[in-house]
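Peer 1: Given chain A's structure and the hints, the job is docking chain B onto it.
There are 2 protein chains.
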Amino acid sequence: MPRLVDHAERRSSIIETTWQVIADRGIENASMRDIARECGYAAPGILAHYFPNKTALLLASYELICQRTNERIAESTVGKRGLTALRSLCMEIIPAEDLTTVEAKVAVSFWQRAQSDEALRRVGRDALSHWHAEIMGCLAEAQTDTPTGRPADPDLFTDELLNTMMGLHITAMLDPYAMSGSRQRRLIETMLRRVCVSDAS
Amino acid sequence: MPRLVDHAERRSSIIETTWQVIADRGIENASMRDIARECGYAAPGILAHYFPNKTALLLASYELICQRTNERIAESTVGKRGLTALRSLCMEIIPAEDLTTVEAKVAVSFWQRAQSDEALRRVGRDALSHWHAEIMGCLAEAQTDTPTGRPADPDLFTDELLNTMMGLHITAMLDPYAMSGSRQRRLIETMLRRVCVSDAS
Numbered sequence: 001m002p003r004l005v006d007h008a009e010r011r012s013s014i015i016e017t018t019w020q021v022i023a024d025r026g027i028e029n030a031s032m033r034d035i036a037r038e039c040g041y042a043a044p045g046i047l048a049h050y051f052p053n054k055t056a057l058l059l060a061s062y063e064l065i066c067q068r069t070n071e072r073i074a075e076s077t078v079g080k081r082g083l084t085a086l087r088s089l090c091m092e093i094i095p096a097e098d099l100t101t102v103e104a105k106v107a108v109s110f111w112q113r114a115q116s117d118e119a120l121r122r123v124g125r126d127a128l129s130h131w132h133a134e135i136m137g138c139l140a141e142a143q144t145d146t147p148t149g150r151p152a153d154p155d156l157f158t159d160e161l162l163n164t165m166m167g168l169h170i171t172a173m174l175d176p177y178a179m180s181g182s183r184q185r186r187l188i189e190t191m192l193r194r195v196c197v198s199d200a201s
Numbered sequence: 001m002p003r004l005v006d007h008a009e010r011r012s013s014i015i016e017t018t019w020q021v022i023a024d025r026g027i028e029n030a031s032m033r034d035i036a037r038e039c040g041y042a043a044p045g046i047l048a049h050y051f052p053n054k055t056a057l058l059l060a061s062y063e064l065i066c067q068r069t070n071e072r073i074a075e076s077t078v079g080k081r082g083l084t085a086l087r088s089l090c091m092e093i094i095p096a097e098d099l100t101t102v103e104a105k106v107a108v109s110f111w112q113r114a115q116s117d118e119a120l121r122r123v124g125r126d127a128l129s130h131w132h133a134e135i136m137g138c139l140a141e142a143q144t145d146t147p148t149g150r151p152a153d154p155d156l157f158t159d160e161l162l163n164t165m166m167g168l169h170i171t172a173m174l175d176p177y178a179m180s181g182s183r184q185r186r187l188i189e190t191m192l193r194r195v196c197v198s199d200a201s
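Protein chains in written order, with the UniProt record's numbering: chain A, 1 to 201; chain B, 1 to 201.
Same shape as in the complex, but just chain A (with noise of 0.2 Å):
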């Protein structure tokens, strides 16, 4: 069926054009005739044919970097577990790479969306849902292979992670000099350190 795989090529080729054009000046700041002709198209029509609006399209967008983001949490964990398996994990997901920082400003516009759509937070939501259980999966791990090796409160310290890794998003973006990546990647370390010692609080 080629026809078929041709469609989804041009979604998925569309999709990264709009996340170069939401890195580069904002979804605010393009049209939809602005993006279709980033992608080459000369009528807008044609972009109208995959995504009926931009909220589709960013819709579409943050569902294609959430699968991709997962997909390298996938590689980047095959033969590891419990926390070296958990600090590659959160490497995939804060913003202390160009790849991740791109990422980073198509969630920041998501977000911003979702607070009006619910249909947008159900999406949110569920990513949150499901690094929150493979963090867990992670620190159940951990406390296998060392019995002392998983916080005394390992949802609440989940909770901190995601939120931690969340609020990077937003200051990485407003202040990148002082949320630098390294600066980011330290931070990630000191609190997976905290599960290693056994978390006393």
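Don't read these hints as lab results, they were simulated from the structure.
Predicted model only: the values in this text are computed from it and were never measured.
Careful, some of the hints might be misleading.
Computed beta-carbon distance windows for the label pairs [claimed, not checked]:
no., chain 1, residue 1, chain 2, residue 2, range
1, A, 178, B, 81, 25 to 33 Å
2, B, 12, A, 6, 54 to 62 Å
3, A, 76, B, 12, 30 to 38 Å
A virtual CB, placed ideally from N, CA and C, is assigned to each residue, including glycine.
Peer 2: Chain B only, in chain A's frame:
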């Protein structure tokens, strides 16, 4: 100078209406004409006299929120110091109550635009720096009062606390049931307790 007072009051009143519009339906779903109507102005020109465009209005809305938050922090920390003051500070920032939830929505809308506007980013950065300094001050007081009452690396702890609080703006919006007000308070309490027991990490 009655005219000046009137100008400032009307400006605040426009901003407060804008907060409500952002909280109810998102700023991207409201035109300047819509906001003017919500303010009770028949002609959108009156609004433009105060704010030339949505970005200017959003900037002013965010600035007033930071100012009000800081006023509340000043009030709620009167006569307090150290961790007691720090706890009060956090409670005015996290979106655990109705008022701070509305403020968080304005902040998320603001952050989205700040991504492609250096002037907005600077304002966001200033708010973070201000809170960072206040938190460091509380931690220094905690150490003076109890020599062990301070984390090994106060600067890193401050970043962790700030990132968690910014992250809560996102997670509580996406999943208000999982990240309820009481859950948010518990998260902050757990972090502050680590200071009391002198975080060994």
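Peer 1: Hints first: check each against the structure and report whether it holds.
Peer 2: Hints, verified against the model:
1. A:178 / B:81: 25 to 33 Å: Hint holds: Cβ distance 26 Å, inside 25 to 33 Å.
2. B:12 / A:6: 54 to 62 Å: For residue 6 (chain A) against residue 12 (chain B), whose Cβ atoms are near 55 Å apart, the range 54 to 62 Å holds.
3. A:76 / B:12: 30 to 38 Å: violated, 50 Å
Hint 3 from the earlier list is the only one contradicted by this structure; the remaining hints agree with it.
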